[in-house]
Amino acid sequence: MFDIGFSELLLIAVVALVVLGPERLPKAARFAGLWVRRARNQWDSVKQELERELQAEELQRNLRSVRESVQQAERGLQEGATQLHGEVDALRREVDAPAAAAPPAADVPDVAGDVQADALPAPAAEAPAPEMTETAQSPEQPERAP
772 MFDIGFSELL
782 LIAVVALVVL
792 GPERLPKAAR
802 FAGLWVRRAR
812 NQWDSVKQEL
822 ERELQAEELQ
832 RNLRSVRESV
842 QQAERGLQEG
852 ATQLHGEVDA
862 LRREVDAPAA
872 AAPPAADVPD
882 VAGDVQADAL
892 PAPAAEAPAP
902 EMTETAQSPE
912 QPERAP
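With this note's numbering applied, the sequence shown corresponds to residues 772 to 917, in that order.
It is possible that some hints are incorrect.
Pairwise CB distance ranges, derived in the manner of DEER restraints [unchecked claim]: (1) D774 x N812: 18 to 26 Å; (2) R809 x L788: 22 to 30 Å; (3) V785 x W814: 26 to 34 Å.
Derived by calculation from the structure, the hints in this document are not laboratory data.
Yeah, the Cβ is synthetic: ideal placement off N, Cα and C, and Gly gets one too.
I would like the entire structure built from these sequences, with the hints used as guidance.
This is how it looks when you write it as structure tokens:
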């Protein structure tokens, strides 16, 4: 961070030994170490608090965006339900409409019935049934013996 090399630290130690002397130097080093440790702890606590606040702010933003998306989804569902209710009501009105409003069935051409009638073979209504020809005899004809 400060870009201090080994030679510079050695120079600072020699100057401190000359200025403070050998008796007060260990006490001063402990005191300096204590202040450096306190400054680092304070810096770390400020950094952690700042990170927690940023995370809390980010969570609040995410929560707001989720709430907005849920509200939009609710609005969409309500609009869809309203539209669906309208369509259901319209269908009910069509079904419940009086029969007088509908045209009579005789006026409506039965296209499907015409197609099906054309597809079936015509019944032989004019030919007598085979049982009737054998058992039915006219009075003019005499009975035959076997």
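Structure-based check of all given hints:
1. D774 x N812: 18 to 26 Å: Holds: the Cβ-Cβ distance is about 23 Å, inside 18 to 26 Å.
2. R809 x L788: 22 to 30 Å: holds (24 Å)
3. V785 x W814: 26 to 34 Å: holds (29 Å)
When held up to the earlier numbered hints, the structure conflicts with none and fits them all.
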